[in-house]
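Keeping the supplied structure of chain B fixed, place chain X upon it in accordance with the hints.
Sequence order for the protein chains is B and X.
Once you know that position 181 of the first sequence is 181 in my numbering, the rest is easy, because the numbers rise by one and skip nothing.
Once you know that position 13 of the second sequence is 13 in my numbering, the rest is easy, because the numbers rise by one and skip nothing.
Fair warning: there could be bad hints in the mix.
[Stated by the list, open to error] From chain X, some residues computed to sit far from chain B (all C-beta separations above 10 angstroms):
1. Phe31
2. Ala40
3. Thr210
[Said to hold, decoys possible] Covered, in the sense of this in silico footprint (three residues per stretch, anywhere, with C-beta under 8 angstroms from a C-beta of chain X), are these stretches of chain B:
4. 27-34
5. 201-212
Simulated from the structure, these hints should not be mistaken for laboratory data.
All C-beta atoms, glycine included, are put in the ideal place defined by N, C-alpha and C.
Now for the letters of each chain:
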Amino acid sequence: MMPVTVQHILELLLWLTVACYAGATVFFVFYSSFDQKKLDRAGWILTICGLFIHAIAILLRWNLVGHGPYRTIHEILVCDSAFIVGAFVLVGLQVERLRASGVIVLPLTLIMMGLGLLAPQAGAYLSPSLKSPWLAVHVLFAKMTVGCIVVATGMATGLLLRKIKSGRIARLIGLFPDNQSIVDLCQKLFQVAFVFASLMIIAGAIWANDAWGRYWGWDPIEIWSLIVWALYAFILHVRLSWRLNDSVYAWLVVAAFVVSIVAFFLVPFGAESIHSQYFA
Amino acid sequence: MISFFSSTRLTTWLLVAFLLFFVADWCWPAFPRWLYLLPAAFFYANLLSCLVIRLILLKKNLVGKVGLVAFHLGLGVAMAGGLVTAFYRFEGGLEVVEGQIFSDQAESYLYRTYGPLWRPFFTDEAFFLKEIRVARDGEGNITAFDCLVARTPGAEVFHRLAANHPLSLSKGQIFLSQHFGTALGFKAVRDDGAMNSGMVNFAPQQHKQTFTAPGLPYTLQVELGDKSRQEILLAGFPGHFTGKQALTPGQGVRIGDITLIYGKKTHWAGLMVVRDPGKPWIYAGFLLFSLGLLLYYSEKFTRQ
Numbered sequence: 001m002m003p004v005t006v007q008h009i010l011e012l013l014l015w016l017t018v019a020c021y022a023g024a025t026v027f028f029v030f031y032s033s034f035d036q037k038k039l040d041r042a043g044w045i046l047t048i049c050g051l052f053i054h055a056i057a058i059l060l061r062w063n064l065v066g067h068g069p070y071r072t073i074h075e076i077l078v079c080d081s082a083f084i085v086g087a088f089v090l091v092g093l094q095v096e097r098l099r100a101s102g103v104i105v106l107p108l109t110l111i112m113m114g115l116g117l118l119a120p121q122a123g124a125y126l127s128p129s130l131k132s133p134w135l136a137v138h139v140l141f142a143k144m145t146v147g148c149i150v151v152a153t154g155m156a157t158g159l160l161l162r163k164i165k166s167g168r169i170a171r172l173i174g175l176f177p178d179n180q181s182i183v184d185l186c187q188k189l190f191q192v193a194f195v196f197a198s199l200m201i202i203a204g205a206i207w208a209n210d211a212w213g214r215y216w217g218w219d220p221i222e223i224w225s226l227i228v229w230a231l232y233a234f235i236l237h238v239r240l241s242w243r244l245n246d247s248v249y250a251w252l253v254v255a256a257f258v259v260s261i262v263a264f265f266l267v268p269f270g271a272e273s274i275h276s277q278y279f280a
Numbered sequence: 001m002i003s004f005f006s007s008t009r010l011t012t013w014l015l016v017a018f019l020l021f022f023v024a025d026w027c028w029p030a031f032p033r034w035l036y037l038l039p040a041a042f043f044y045a046n047l048l049s050c051l052v053i054r055l056i057l058l059k060k061n062l063v064g065k066v067g068l069v070a071f072h073l074g075l076g077v078a079m080a081g082g083l084v085t086a087f088y089r090f091e092g093g094l095e096v097v098e099g100q101i102f103s104d105q106a107e108s109y110l111y112r113t114y115g116p117l118w119r120p121f122f123t124d125e126a127f128f129l130k131e132i133r134v135a136r137d138g139e140g141n142i143t144a145f146d147c148l149v150a151r152t153p154g155a156e157v158f159h160r161l162a163a164n165h166p167l168s169l170s171k172g173q174i175f176l177s178q179h180f181g182t183a184l185g186f187k188a189v190r191d192d193g194a195m196n197s198g199m200v201n202f203a204p205q206q207h208k209q210t211f212t213a214p215g216l217p218y219t220l221q222v223e224l225g226d227k228s229r230q231e232i233l234l235a236g237f238p239g240h241f242t243g244k245q246a247l248t249p250g251q252g253v254r255i256g257d258i259t260l261i262y263g264k265k266t267h268w269a270g271l272m273v274v275r276d277p278g279k280p281w282i283y284a285g286f287l288l289f290s291l292g293l294l295l296y297y298s299e300k301f302t303r304q
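Excised from the complex, chain B in its bound form (with noise of 0.2 angstroms):
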C-alpha cells in the first residue's frame, strides 16, 4: 500500500473544500427556487466547513513548502478563493439576505479553486529579497482587496440581473435586500477595498526600495496596481459627487472588477516584469 503523505492529506483537504463550495452553491440554487430558510442554512454551514478545510489546507501547505501563499499561480489561485469565500461569509454574517449572493460569488470561487488544482502544485525557489516582513503585509492586503470586490461583484451582478422579471433568476433576485441597500454595501465594500489596495501599493513600495533600491519603477504590475487603485477611487468620488444610476453604478463595479482581474491574475503572469521571477 502507498504511504500517505502531507501531499495526499493537502489534495484531499482541498477536494473537501471544492466539494463543500460546489454543495453550498446546489443549496443556495434550491433555495433561489423553493425559498426555504433551511436550504439556505444548509448552504451557509456548508459554506462556513468549506472555508474552515480550506484554511487549514492552507496553513498545511504553508508548513510544507516554507513559505506562504504568494509563489505559483496554485497557491495565489487557492489562496485568493479562501479570500473571497471570507468576505462573502463576513458581509453575510452582517446582512443575512445576501446570503444569496452566495449562489454568484461560491460559483466564481469554484472556477478559481479548479484553475488552481489544476495548475503545477510543486513549491517553488524562493529568491531572498522575498525574505521579508512587508512580503506578508503586500500580499494579505492584496489578497483582502480581491475579496471584497469579487463580492461587491456579486452583489452588483444581482442588481443588475433585477431586470429579468420572471423564472428562477428573478426569484433568486427576490431574495436580495432593495438595491439602495445593495449600492450602500458595495460602495462600503469599495472604502474597504479602496484602503486595502492603498496599504498593499504602500507597502509593496517600502519593501521594493529595500529590495530593488527604489519605492516605484513603472513596472507593469506597478502600473496595473495603480490603475485599480485610481479606478477605486474614482468610483468612489462618483458615487459621493454624482447623482448616478444604481444599474450605472452596478456596471462600474463590473467594471472595476474585470479590471482588477486583469491587474491581480493576467498580469502578474502575462507580462514582462520584473516582478515575474516572484510568480513560477
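What follows is chain X alone, placed relative to chain B:
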C-alpha cells in the same frame, strides 16, 4: 475657475486622458512620455483645489475632516516626492563576484542613470569597495554578501549587505539586489602566450547563457551541468565551434588557436547605489495618508 479645478468632472476627464495616453503608449513605442506630465499637472491642481474648496470647508466633525484632509494631502505630498525622484534621482549599478577585489573607487565601475535635473552635489560622498565575501546558511545557501566598504581609503569595514538590508550612507544607500546567481570563471590562452579572463553570470534558476569568451571572435553557449559534479557544457554556434564539451574546473577545450579553460564556479550579486532626494517626501506622504485614513475611519467607527 476654482470650481472648475475642484470638480469631479475634471478628475473624470483627466482619468480618461491618462487611459488614452496609456493605450497610446502601449501601442506606439515612440510615444513621448513627457506628455503624461500634462494631465498629471491638472490632476495635481484638481487635488489641491478639492483640498481647499471641498474638504477644508466641509461640514463635518473635526476628526473626520482632519482625516479626510490628511489623506488627500498625503497623496499630494507623495506625488510631489514622485516628481522630485523623477527629476533628481541618481542610480548606479554594479555586478560583484564572490572573491572579487577592487583596487579603485567603486563608483568608477558603476553603470549610472540620472534624473534630468540631477546635480553633482548629490554624489559628493564616494564609497570604496574592496573585497566581496559570501555568507551561507547551514545548508550552504547564500544568505548575504559581505562587502568591504569604506567611505575613505584605508578605513574599510566589512558590511553585511543582505537582500532587504541596505547600507545607508549619509546621502544615499547601497543595495544588494535580489540576485544571488552563479558565476563561471574562464581563461582564454592563445598559442602565442597572450591570456585573457572573463566571467559568465547566470541569474537564479537560469541554466543557459551565451558568452563571448575573451579572445574568441564568436559567441559560445554555456550550460550549467550537474550541481554535484561542478560540470558545465560548452557548445558553439553552427558554422564555428559546433561541438559540445563537458568541462570540470581546471579543464580546457581547444578552439582554433585558443585554449579556453574553465576556472571555477563562484557566485555574484547585483550592487546598486541609490541617491533619491524624493524618498523622504514619499514616506511623509505615506504617513499622512495612513494617518488620515486612521482618523477618518476612527471617526466613522465612533459615530456608528
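Hints, verified against the model:
no.	hint	verdict
1	Phe31	holds, 13 angstroms
2	Ala40	holds, 12 angstroms
3	Thr210	holds, 19 angstroms
4	27-34	violated (count 0)
5	201-212	holds (count 8)
When the structure is compared with the earlier hints, a violation turns up for hint 4 alone.
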